[in-house]
Amino acid sequence: MAILVHKKSKVLVQGITGGAGSFHAKRMIAYGTNIVGGVTPGKGGQVVEGKPVFDTVTECREATGADTSVIFLPAKFVKEAAIEAIRAGIKFVVVIPEHIPIHDMLYVRKEAVKHGATVIGGNTAGIITPGQANLGIMPDIAFTPGRVGTVSRSGSITYYVADTLTRSGYGESTCVGLGGDPILGSTFDEILQKFEEDPATKAVVMTGEIGGVYEERACDTISKMKTPVIAMIGGIFAPPGKRMGHAGAIVEGKMGTAKEKLEVLASAGAHPARTFKDIPEILSKLRV
Amino acid sequence: MRLYEYEGKKLFSEFKIPIPKGEVVSSASEAVTAAKAVGGPVVLKSQVLTGGRGKAGGIKVVENPNDVKATAEQLFNLKIKGYKVEKVLVEPKLNIAKEIYFGVTIDRLNYKLVVIVSGAGGMDIEEVAAKSPEKIHKKLYDIEEPMYGFDAIELSKKCGLDSEQTKQAAPILQGLFRLFKKYDAKLAEINPLVVTADGKLIAADSRVSLDDDAVFRHPELATMGIEKRHEEGEMTPREQQAHEWEIPYLDLEGNIGMFPGGAGFGIMGNDFIHYYGGTPANFMDSGGGPSPERIAKMLVLLDENPNVKAIFGARFGGISRCDDFAKGVIMFLKDHGLSKPMVMRMTGNMWQEGVRLFEEARKENPKMFERVEAHGIETPIEEISRRAVELAKMAEGK
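Note that the protein sequences, when read in sequence, are chains A and B. Everything in the first sequence is counted per the numbering used here, starting at 2 for the first residue and increasing by one. Everything in the second sequence is counted per the numbering used here, starting at 111 for the first residue and increasing by one.
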């Protein structure tokens, strides 16, 4: 088991004929991901990496039964592409590009909620269920099948956490990149809930960072979860008022400081970690 | 992208939100001419991209026209929270009977637009919200939903306006809402919206912040003279250099040069250095998939910073490739040379090729690598952090 994506997911790539789209389609296929086709308007009938290209998501879905989409398109086309996918019946959409206009993401989110679809990103490295499917740009080397789920706003942090889990023998059930943009398709609480319902996930590592409001929102879910959650927040020593990193990582007044986030998560029942090597120590104490 | 008050007011005019008839000037002598044209007592308002102008002495009422020049000179010499005053807005002084607040922003938790109104205008709205939340009224809107006239009337009434004032206020609130949507705003505020002694409503101040990522679809902003800009206060020379190279970079107070990958570990890596007893000299973000040239520039910034005693490097290649990373490091070592000790770790996408490039370059010129300690996936990043702190301490002679 896993969450959101697995061996049988039928994945299409929106923007498969582009540079990033074709490069990463090849990598995803090499990993064993079940890529069934791609969509680029005006390029229907072409073949990329052995997969058929269609003009519309609906055509692709009818021909291949695709249920999942990964978007590799310039930011300004994401709104249209994501809404097209959702309306065509795609249930899981991964938005890789960064700098998606905020208002566009509000439209995408509304459409997703309306159709019961899940969107992650923008500015995500993607999602991987080790040994089954890799959607996005994550390097295979860090990951191995296992029993701990991860959810993070940052790609590089996901790799470090997975690498730690891999080398300490826990492995990963699924690793989800929420994305670094200011408005995200999904939030920590929504992904944590999916992990809670996954029997293969015995613990979850969530890593957040300064700024925004999404980590705090997870508290209620964490307090109700049976699956233990380990929390790590970047930016504990960030000087206030300075703008670091992701567009989303802006400290809004007192709200959104890393220290505060970690404190509220801990009071909701999460186990705080300082560096990556704390993670296996905590897991071992929890007998995961 | 935060707009200056006068720019926000230009947008207000487009949506028929009444504003004072003012003029923006760049010198004290221009201020005198503008004040004459305005006539009567005027307000001189420093145009800076930060709040708290009033408290910092950046807004002056001038009753006597003879005092305009001296007061304007005073403002042009002012620095407010690191921002130099380069423009001053000259406006007629208003006879204020009442001040209210209208604002539109995004509720990120609920994925909605939120319209906020209050009868307590002219103050910091967050303070009002903290001290007297009962004075704040909110309504959430779907991004697709319009604001109807009756909605705007209902909201305006909550600010304690009478019928005649409400009739003026409702289209102002609707205008602000339309402005917010049309220009992809993150925030649009009128604070205060003044009710004058003779019963007219007028937007005395503007605060508008647009989404940088959506400016591309508003070319009309450039024709209004509104262009993309650096929003922070004054930059250090190195921040200026990094800005020109389009590398997100901040100077911090420590002595360890931080050369991480993306923003996520850029932030967390700084924490790691603190945990091991060191302090970072900077924050830096390579961005996704940096070119070798960019990698080399990042190292130049650190090597030329006299505060940096040791360099911490980390690359976990995802969208970025370790071979490009290695090429960048080698380019820097060849063209510039490393004058400080550096400990680094490289793994992820194309790491084998990165290691091969390093070995080849090292064979060719071992001296070039003298100060480089390169590690791969087998060394945990904590160990790299610890070593960087140790190297910096050794360099400081401690």
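Calculated from the structure, these hints are not laboratory results. Don't take every hint at face value.
Stated by the list, open to error - Coverage of chain B stretches by chain A, computed from C-beta distances (three or more under 8 Å per stretch; other residues unrestricted):
# : region
1 : 212 to 221
2 : 250 to 260
3 : 315 to 327
4 : 381 to 389
5 : 471 to 482
Built from N, CA and C at the ideal position, the CB exists for glycine as well.
Hint-by-hint comparison with the structure:
1. As drawn, the region 212 to 221 of chain B meets chain A at 4 residues by the rule of a beta-carbon pair under 8 Å; at three or more, the given contact holds.
2. With 3 residues carrying a beta carbon less than 8 Å from a beta carbon of chain A, the region 250 to 260 of chain B meets the three-residue requirement, and the given coverage holds.
3. Residues of the region 315 to 327 of chain B with a Cβ under 8 Å from some Cβ of chain A number 6, which satisfies the need for three, so the listed coverage holds.
4. With a threshold of 8 Å between beta carbons, the proposed coverage of the region 381 to 389 of chain B by chain A holds, since 4 of its residues qualify and at least three are required.
5. Note: the region 471 to 482 of chain B has 0 residues with beta-carbon separation from chain A under 8 Å; the three-residue rule is not met and the coverage is violated.
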